[in-house]
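Chemist: Let the hints inform the model, and build the full structure from the sequences given.
Mapping the sequence shown onto this note's numbering, position 180 (from 1) lands on 180, and the numbers just tick up by one.
Treat the hints as calculated values from the structure; they're not laboratory data.
Where is the CB? At the ideal position from N, CA and C, for every residue including glycine.
Honestly, I wouldn't trust all of these hints.
Pairwise CB distance ranges (calculated) [claimed, not checked]:
1) 362 to 701: 41 to 51 Å
2) 234 to 716: 48 to 58 Å
3) 262 to 176: 49 to 59 Å
4) 124 to 75: 24 to 34 Å
5) 257 to 727: 52 to 62 Å
6) 234 to 375: 41 to 51 Å
7) 605 to 502: 56 to 66 Å
8) 557 to 508: 43 to 53 Å
9) 200 to 449: 35 to 45 Å
10) 234 to 630: 50 to 60 Å
11) 557 to 234: 24 to 34 Å
12) 508 to 814: 40 to 50 Å
13) 821 to 379: 53 to 63 Å
Here are the simulated SDA-like pairs of lysine to any residue, each with C-alpha atoms no more than 25 Å apart in a straight line [unchecked claim]:
14) 485 to 468
15) 485 to 379
16) 172 to 201
17) 550 to 570
18) 355 to 310
19) 832 to 852
20) 355 to 336
21) 310 to 377
22) 151 to 123
23) 310 to 263
24) 456 to 400
25) 195 to 595
26) 310 to 282
27) 456 to 374
28) 151 to 176
29) 485 to 400
30) 355 to 377
31) 195 to 571
32) 485 to 410
33) 456 to 379
34) 701 to 778
35) 550 to 287
36) 172 to 287
37) 550 to 111
38) 310 to 400
39) 172 to 208
40) 550 to 562
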Amino acid sequence: MSAFAFAYPAILGALVVLPVIWWLLRLTPPMPKPEVFPPLKILASVLKREETPSKSPWWLTLLRMLLAAVVILAIADPVFNPRVNSLASNGPLVLVVDNSWASAPDWERRVQTADALIGDADANSTPVVIAFTAESTNDAVAGTATAAREKLHAAAPKPLVPDRDRAIQSVKAALNGTHPGTLAFLTDGIASEEKDDAVAQLAALQPAEMRLIEGDGSDTVAITGAANASDNMTVTATRLNGRSPTRLALSAQDNQGRAIAAGSLNFSAGQTVSTGSIAAPFEMRNDFARISIDNHATVGAVHLLDDGFKRRRVALLSGQATDEYQPLLSPLYYIHRALQPYADLVEPDAADLAKSINELLTGNPSVIIMADIGRLPQESYAPLQHWLENGGTLIRFAGPRLAAAPADDPLVPVTLRQGERAFGGALSWAQPQPLADFPSFGPFAGMAKPTNVLVKRQVLAEPTPDLAERTWASLADGTPLVTEKEMGTGRIVLFHVSAEATWSDLPISGDFVEMLRRLVQLSRSGGVTSQASAAKAAEVLPPFRLLNAKGVLVSETGSARPLETAKKGPLLSSFDNPPGLYGSEEGFTALNILPPGAELKPLDASAAGVNVIREGLIGGEAWSAKPLLFFIAFLLLLADSLIVLLMNGALPRMRKTAGSVAKAAAIIGLAFSAAAFLHPVDMRADDSKPGDEAIYSRLDKTHLAYVITGESDVDHISDRGLEGLTEFLTYRTTLEPGPPIGIDINKDELSFYPIIYWPISATAPMPSNEAINRIDAYMRSGGTVLFDTRDALNSLGDNSAPSPNGQRLQAILANLDIPPLEPVPSNHVLTKSFYLLSSFPGRYTGSPLWIEQSQDNSKNKPDRPVASSDGVTPIMITGNDLAGAWAVDENGSPLLPTVPQDETQREYAFRTGVNIMMYMLTGNYKSDQVHVHDILERLGQ
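Modeler: In structure tokens:
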């Protein structure tokens, strides 16, 4: 193949006319030369005939000849690294084209390459056989080049892994025993299975020439897994080329396609599989619908998520108290360790089961796990059954209490025999039993049988006709180990052994973790619904939304078949089940292009007995010099025009005209300047605004500020409360604040106040987004907002749900960028900034004071320094109604009584306000070691 050629070599014949152009240019007379009128000077010029030029200068002639030559060469279209028709002529052209998911980025170049080969075959009247590896049906036949070109342009990349064996068999049938002339395999360069011998199979067709044409697969990358861990979303990806280090940007989108979180994934040199992460809160991660790699528009760079990837809220209940000195004997210890990486675990604070169950149900958990709980309080059965009917999942573990419970328990999936069955005891002939193979149905299908688990005790189920259908795991002797029962849209699952290691080795095995994880994933991700709106989970799901080759979800399902979710083993994409979402809007299962743990490996290009020619796609190696030559010709023409203008004296006249214009512009500019100088105008800026005088009056002193809610009674208590605290600060400290200020957060300047007191009221208007943004900016710039829900009395003894004021506060904080919070630690500077305090009461005492969580990792050490950093917390939250305790009338008498009525509590409420103000104004000055001695003396230590 030549490295240089002309597309139209016949045009080069025009170069023979260059001598004629030279002759014509030499005969061209110059332009007439202007002369001054005096007659004698004219006659003198006329007599000097030898000084009048009769031809153009040689260098101008040479320039014009070069211009003509460049134009001729441009029309001839010189091409560097041109393609040549080199197809073998002793057989048909066979094209095997990968139109898989990895071919989507350079599909147009693949089509151009195949089209060029078909054009070569058409020029030689060679038949063409074309087959695609990602088509559900392959009807490859030896036909004309025109038919092959139509089939090529009708094809498109598919979101599938190529099935090269089927395409090769179709090519064999089309050849019908004949040998190909040229066989071109346009491949994506990725092995479609563990041992992909497609090149060897094609070589077995004995072509006269075999070409392996590959695209630029160096940046091919695919996501193979995602896991919702305890603190972030981990993403596993694989790439084809691992030669150089690469950093990929990850983004997570919600159901609307909006990017709500971002992360990164790094490949080091030589690494083909890597794991990245996307850090986001638990609630945000549960809104992830898909994860994608930025700037990679393929279905492999997209990973769809369904309910199975969302973290569940799991409530834990135990029949006995936890012994912190013997944690391994706790019924919930192994459950907690197994599920902590996969779910958010909650435990009740009260030991009363009736209260605990109601408390847990108000949190709308997805799963409730009961470890060795026999008889439940009677009032707890109805709410639990209602929760199960609406989609909850109850997982129970046996134990002594359950073994002794009545047989008519409605929250047990099968009828149990009272008592327990023991293996290997002094009065038993039986030995501890291993587990049997897991059945092909149920959540444990596909798991290997545990080989290191022995069961020593179990509760037995009464034989029933449907016992085998309800058994998800059993022992080697056939007795059930795990049984289940559906109740409405929920289900009950029972482990017939205990949750700790006294009855079996199951809790201390790795299989226990996987079994619990699979059971939790069966539950609803967002908890139960208020009504039973979902039907029984179908084992066959219709296609709902499918991914195209570029990773975009489309509603066209084409010939996709329903997905059988009950099949053994992992779900795999195929021609019948392309990647996408299967199910409906009520619920769906995500099917991705590659299974978990897959790895992109290069295609084996070795073939016995045939010399394989490896080529790249066309479009990058051949390039035409025609545009460059035309550009050079344009520059030469421009230079010739300028020279002619110069020789004819046009440029001096242009310079003279331009000078006149510049002079006129300068005169006009000077005139305007003189006019401005002669008539001066007072142009001082006046940027004053309404309300500036009030702002200036507040700059002389520190003022306490409160948010005006629009409710007169609430605003009155806030005003009188801050007035009372101002008086207390004036009498007890050296700080003398000015009168309190009520501010409108929609328009007033906030930066003048070190702290803003915000009483929360559910009946007050909801702040606008603009107001919340202003509050967020105020907190970011160093200010602090003290939110007071004033509901500690209403929420005493009821942690099930927030009060209306608490719900309003949640709505406000949902739009604020706030740090993690914690109750004030016992050694925080707020406890000692002025007074020594152990609590922060107001009118009520039941609510803690929440502040920004300390970032000190040593918070559990008793001798650690002051918890806060040098900065001051931007947010405080309480429900103790501080302003109600501070509020005084004009005579200084309290307006509202404390609950309980105690003037000592009011005194401590004022001291709380003093400590807060000192903390706001001075920061953590108490963390200085010079104060430690004085503090210890006052504590009497």
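Chemist: So, for every hint listed, does it hold in this structure?
Modeler: Tested hints:
no., hint, verdict
1, 362 to 701: 41 to 51 Å, "holds (47 Å)"
2, 234 to 716: 48 to 58 Å, "holds (54 Å)"
3, 262 to 176: 49 to 59 Å, "holds (56 Å)"
4, 124 to 75: 24 to 34 Å, "holds (28 Å)"
5, 257 to 727: 52 to 62 Å, "holds (57 Å)"
6, 234 to 375: 41 to 51 Å, "holds (42 Å)"
7, 605 to 502: 56 to 66 Å, "holds (60 Å)"
8, 557 to 508: 43 to 53 Å, "holds (46 Å)"
9, 200 to 449: 35 to 45 Å, "holds (38 Å)"
10, 234 to 630: 50 to 60 Å, "holds (55 Å)"
11, 557 to 234: 24 to 34 Å, "holds (31 Å)"
12, 508 to 814: 40 to 50 Å, "holds (42 Å)"
13, 821 to 379: 53 to 63 Å, "violated (34 Å)"
14, 485 to 468, "holds (12 Å)"
15, 485 to 379, "holds (22 Å)"
16, 172 to 201, "holds (10 Å)"
17, 550 to 570, "holds (24 Å)"
18, 355 to 310, "violated (28 Å)"
19, 832 to 852, "holds (17 Å)"
20, 355 to 336, "holds (22 Å)"
21, 310 to 377, "violated (32 Å)"
22, 151 to 123, "holds (18 Å)"
23, 310 to 263, "holds (18 Å)"
24, 456 to 400, "holds (14 Å)"
25, 195 to 595, "holds (17 Å)"
26, 310 to 282, "holds (9 Å)"
27, 456 to 374, "holds (20 Å)"
28, 151 to 176, "holds (21 Å)"
29, 485 to 400, "holds (22 Å)"
30, 355 to 377, "holds (10 Å)"
31, 195 to 571, "holds (21 Å)"
32, 485 to 410, "holds (11 Å)"
33, 456 to 379, "violated (35 Å)"
34, 701 to 778, "holds (19 Å)"
35, 550 to 287, "holds (23 Å)"
36, 172 to 287, "violated (50 Å)"
37, 550 to 111, "holds (17 Å)"
38, 310 to 400, "violated (34 Å)"
39, 172 to 208, "holds (15 Å)"
40, 550 to 562, "holds (22 Å)"
Violated hints, in rising order: 13, 18, 21, 33, 36 and 38; the structure is consistent with all others.
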